[in-house]
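Protein chains: 2
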Amino acid sequence: MAGKPLILISNDDGYQAQGIRVLTDLMTRLGDVVVVAPDAPRSGAACAITPFQPVRLSLVEERAGLRVYSCSGSPVDCVKLASEQVVTRRPDLMVSGINHGDNASISMHYSGTVGAVLEACMKDIPAVAFSLRTRDQQCDFSPYEEVILQVARQVLEYGLPSDTCLNVNFPQVPKLLGTSVCRMARGRWITEWVPDEEPGKFHLAGEFRNLEPDAPDTDYWAMDHGMAAICPLHLDMTDYDTLLSLESLNNRMR
Amino acid sequence: MAGKPLILISNDDGYQAQGIRVLTDLMTRLGDVVVVAPDAPRSGAACAITPFQPVRLSLVEERAGLRVYSCSGSPVDCVKLASEQVVTRRPDLMVSGINHGDNASISMHYSGTVGAVLEACMKDIPAVAFSLRTRDQQCDFSPYEEVILQVARQVLEYGLPSDTCLNVNFPQVPKLLGTSVCRMARGRWITEWVPDEEPGKFHLAGEFRNLEPDAPDTDYWAMDHGMAAICPLHLDMTDYDTLLSLESLNNRMR
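Protein sequences, first through last, are from chains E and Z.
Each number in the numbering used here corresponds to the 1-based position in the first sequence with 340 added.
Each number in the numbering used here corresponds to the 1-based position in the second sequence with 340 added.
Hints should not be assumed to be uniformly reliable.
A pair holds if it fits inside one copy or across any two, identical chains being indistinguishable in the list.
With a straight-line Cα cutoff of 20 Å, these simulated SDA-like cross-link-like pairs (lysine to any residue) come out [claimed, not checked]:
(1) 541 - 473
(2) 541 - 391
(3) 344 - 477
(4) 463 - 497
(5) 344 - 550
No lab work stands behind these hints: they were computed from the structure.
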């Protein structure tokens, strides 16, 4: 790669969140950085887009090697705008996060942090989401910095296969015990709603249940054992195992 | 199955959309129906949830075999609320749509119609999304009714594997030429933003590019050839092909 790498950053907690500031500081060590992130928290935005309203983009910070934009849209809108209206060449790497809260197992489907990374993947930019299992808005990200830098350097050097991105989740620990390349654990959210005092009004809460807590090849197991969970995700959600068996459904319909 | 099947319906175009009304009429032929759908259009809502604001649920229609609820949340919120706060047993089938606009290839990632089905899948309800490639808000859904009923009957009778749901897309044709069980085509959205006259303001538009127009096993090919595209989706987005090759990344980091 000639010259400095170009690194795009987004998240779903907003451009002022602590996690994205830590990630930005780390990435400026590796290349020129452009941040395009929501103007306010967008947790749970998943891959949502803004099809029927205009989206606004504002430059909020600029110094050597770093430009930060705030965007009124979703995390996916941020990446779409960044790649088409902000950068003049395809970034060498896109990173998202560090999310305050984990996005492992099926929770990744709800995550705007992961949504941004899936979008970067659709733009053929090697992309990595970083999330920390915590409920604190202010926390110590220093135990994860070395792994973040290592993963970013590896992806800058070796790239990722087409249509593949990485979802990295950290347990909240004083010191990581290692890294694990792993699959999504099967899980379910249960008891999700707290009824308000006012009838017909509900608040989303819920409890995550890991359906395979003893499977050592899963992201939850890695986190439960003090390790960073590195899970490759693919844009193609086709269930190939079911494809063949569904042919019988198709034949019955003829 | 003892007694009438219980069928849950949602969508992302809102409970008043033409597509969900057609789908509701069809499903009342097969069982008792509960509709929980957004109070207004939520196109592009993907798997978004509403974590920080209350969500409201209102019964808007009730007659023998049918209850319709309007919900202030996202399509996924609708399914979460329905399964926990509305129905008293797990539905035998969940269907979503009929969406005005297709949700094939990577567009499924942005779709609230598909998001609702992924959520039903996470609740272990066999679930099918139906979408029509059209830009019309009013259109003739009659060419697709027979296939919708057939797919629904098949899924009621045989179920679907755990963590698998179906994404069905129709081309806009006077008569379907058949059905195809297929995979997601590889595709990309390009030229996505139209700048407003006001600087820093953009409108989302874009053009879809099918990267494999000649692949007959894809959803786009089926639709391009007048057929209903039936694509099984899996909740597990792990890229298993890449899992092994990433071990080398992991080893280099040690």
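Status of each hint after checking the structure:
| no. | hint | verdict |
| --- | --- | --- |
| 1 | 541 - 473 | neither (29 Å within a copy, 35 Å between copies) |
| 2 | 541 - 391 | between (27 Å within a copy, 13 Å between copies) |
| 3 | 344 - 477 | neither (32 Å within a copy, 49 Å between copies) |
| 4 | 463 - 497 | within (19 Å within a copy, 40 Å between copies) |
| 5 | 344 - 550 | neither (42 Å within a copy, 33 Å between copies) |
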